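Given next are the chains, with one letter for each unit.
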Amino acid sequence: MAEQLSQKQNFLKGIIKDNPVFVMLLGMCPTLGVTSSAFNGLGMGIATLFVLLMSNIVVSIFKSQIPSKVRIPAFIVIIASFVTIVEMVLEAFIPFLYEQLGIFIPLIVVNCLILGRAEAFASKNTVISSVVDALGMGIGFTIALTLLGAVREILGNGSLFDFKMVSEDANTLILFILPPGAFIALAYLSAMFNKVSAKIK
Amino acid sequence: MEYIIILIAAVFVNNIVLSQFLGICPFLGVSKKVSTSVGMSGAVLFVMTLATLVTYLLHQYVLLPAGLDYLRTITFILVIAALVQMVEIMLKKISPPLYQALGVFLPLITTNCAVLGVAILALGLENTSLLKAVFFAIANSIGFALALIVFASIREKLELADIPKGMQGVPINLLVAGLLSLAFLGFTGLV
Chain A
452 MAEQLSQKQN FLKGIIKDNP VFVMLLGMCP TLGVTSSAFN GLGMGIATLF
502 VLLMSNIVVS IFKSQIPSKV RIPAFIVIIA SFVTIVEMVL EAFIPFLYEQ
552 LGIFIPLIVV NCLILGRAEA FASKNTVISS VVDALGMGIG FTIALTLLGA
602 VREILGNGSL FDFKMVSEDA NTLILFILPP GAFIALAYLS AMFNKVSAKI
652 K
Chain B
2 MEYIIILIAA VFVNNIVLSQ FLGICPFLGV SKKVSTSVGM SGAVLFVMTL
52 ATLVTYLLHQ YVLLPAGLDY LRTITFILVI AALVQMVEIM LKKISPPLYQ
102 ALGVFLPLIT TNCAVLGVAI LALGLENTSL LKAVFFAIAN SIGFALALIV
152 FASIREKLEL ADIPKGMQGV PINLLVAGLL SLAFLGFTGL V
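Note that the protein sequences, when read in sequence, are chains A and B. Just so you know, this note's numbering puts 558 at position 107 of the first sequence, and the rest follows in order with no gaps. Just so you know, this note's numbering puts 52 at position 51 of the second sequence, and the rest follows in order with no gaps.
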């Protein structure tokens, strides 16, 4: 054990210092792909949070049983099982979100954030700190996705969480709902995030 | 004719990176130099085609008849991981020069969501068939290669540009990708 972070720091690092989206650039595909509205971003964030939490718990429980040579395939199977659960639950209970997220739900499996945390954190730490780590990282990811979704929805559609803020026939910047808008909005958000986090330090 | 439409749609209109957002990690990660991006594109072409071939057969002849459709995600990712591993071992043995060129990129491909994404998307094509699925994979990897190599060439030029401090690094790269994506948006309606 190099340095024992307190649980509070462990939790907060996922949200600010090591924010998965703005700082570590993990899980960029769903970040850009599903954030055409704030609701989609929030839904994807929560689905990822659930898979991350469960896989971190399972990996940290079985960390001494998994032989290190086959650990990556073992982690992938654990993650894929939880993704399948999420896929079925969403299809059964929130079909609307299931349609919207589409291909990106099975692709949670290859979200490097989840495998990255299993490999870098859960396989070396206790169950409790893995839970805290997963919550911090997952919430950091959810905040980033919701924020990006909100910015794109406000600029592109003039609404937030489907609540219209401008009149129906107002001109909005459709660009931000379209694919290029995802890159451009994230570019400026991460520039702002760098600026703000440099100020805090 | 149908195949030409698939090709144009996959390369220009629904480009896998710039409009479907699959494979963003390697797109941002290995696009510093044109030479590495060519190597990565080659590895993706190889693995994506092979993976789609295998997963399509598996889905059609094992999972569907057995009613195990819900195991799609878990079997596909395992097959892809095993396949990448196998390709790596075989290349090392059969063709060392090719291994030298692609070797570094192969392990990265397991977590490249473009490979799993295309394998899943290929199942949903209109009157899908084995030939069509494999062609779809090839067309998409050409699209991936085009986006990656163009982006890498722009990034090489960016090294010389005077970029404002706050925009250096990630933000400027995302912005360039955004403009590139905007250019590809111009192909909408082509097919």
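Derived by calculation from the structure, the hints in this document are not laboratory data. Remember, it's a predicted structure, so these values are computed and weren't measured experimentally. Each hint should be verified, as a subset may be incorrect.
Unchecked claim - Rough simulated footprint, nothing fancy, chain B against chain A, three-plus residues with beta-carbon under 8 angstroms:
1. 461-467
2. 509-518
3. 588-597
4. 601-613
Stated by the list, open to error - Derived SDA-like pairs (lysine to any residue); straight-line CA-CA distance at most 25 angstroms:
5. A:K514 to B:Q86
6. A:K646 to B:I164
7. A:K650 to B:K94
8. A:K468 to A:I508
9. A:K646 to B:S96
10. A:K459 to A:Y639
11. A:K520 to B:V80
12. A:K575 to A:V509
13. A:K468 to A:K615
14. A:K520 to B:V88
15. A:K464 to B:M168
16. A:K468 to B:P108
17. A:K520 to B:K158
18. A:K575 to A:P631
19. B:K158 to B:L79
20. B:K166 to A:K459
21. A:K646 to B:I173
22. A:K575 to B:K94
23. B:K166 to A:K520
24. A:K468 to B:P165
25. A:K514 to B:Y4
26. A:K520 to B:K93
27. A:K520 to B:P165
28. B:K33 to B:L124
29. A:K514 to B:I164
30. B:K94 to B:P165
31. A:K575 to A:L598
Virtual Cβ for every residue (Gly too), placed ideally from N, Cα, C.
### Task
Measure nothing beyond the straight line between the CA atoms of A:K520 and B:P165; if it is 25 angstroms or shorter, mark the hint as holding.
45 angstroms, violated
### Query
Is it true that the CA of A:K520 sits at most 25 angstroms from the CA of B:V80?
18 angstroms, holds
### Message
Hint check: A:K646 vs B:I173, CA-CA at most 25 angstroms. Holds or violated?
### Response
Given that 25 angstroms is the threshold and the Cα spacing comes to 14 angstroms, the pair holds.
### Message
Can you tell me if the stretch 461-467 of chain A counts as covered by chain B, using C-beta to C-beta distances under 8 angstroms and a minimum of three residues?
### Response
The restraint on the stretch 461-467 of chain A is violated, since only 0 of its residues have a Cβ under 8 angstroms from chain B and three are required.
### Task
State whether the coverage of the stretch 601-613 of chain A by chain B holds or is violated, taking the criterion as 3 or more residues with Cβ-Cβ distances under 8 angstroms.
Three-residue rule not met by the stretch 601-613 of chain A, so violated; n is 0.
### Message
So if I understand the rule, the pair passes when the alpha-carbon distance is 25 angstroms or less; does A:K520 with B:K158 pass?
### Response
Distance of about 41 angstroms is beyond 25 angstroms: violated.
### Query
Does A:K514 pair with B:Y4 here, judged by a C-alpha cut-off of 25 angstroms?
48 angstroms, violated
#### Entry: Proposed proximity, A:Y639 with A:K459 (alpha carbon, max 25 angstroms)
Distance of about 29 angstroms is beyond 25 angstroms: violated.
### Query
When you check the alpha-carbon spacing of A:K650 and B:K94, does it fall within 25 angstroms?
53 angstroms, violated
### Task
Assess, step by step, whether the Cα of A:K468 is no farther than 25 angstroms from the Cα of B:P108, and give holds or violated.
28 angstroms, violated
### Query
Regarding the pair B:K158 and B:L79, is the alpha-carbon distance no greater than 25 angstroms?
Distance of about 39 angstroms is beyond 25 angstroms: violated.
### Message
Does B:I164 sit within 25 angstroms of A:K514, going by the straight-line distance between their CA atoms?
### Response
45 angstroms, violated
Hint violations for this structure: numbers 1, 2, 3, 4, 7, 9, 10, 13, 16, 17, 18, 19, 20, 22, 23, 25, 27, 28, 29, 30, 31, all remaining hints satisfied.
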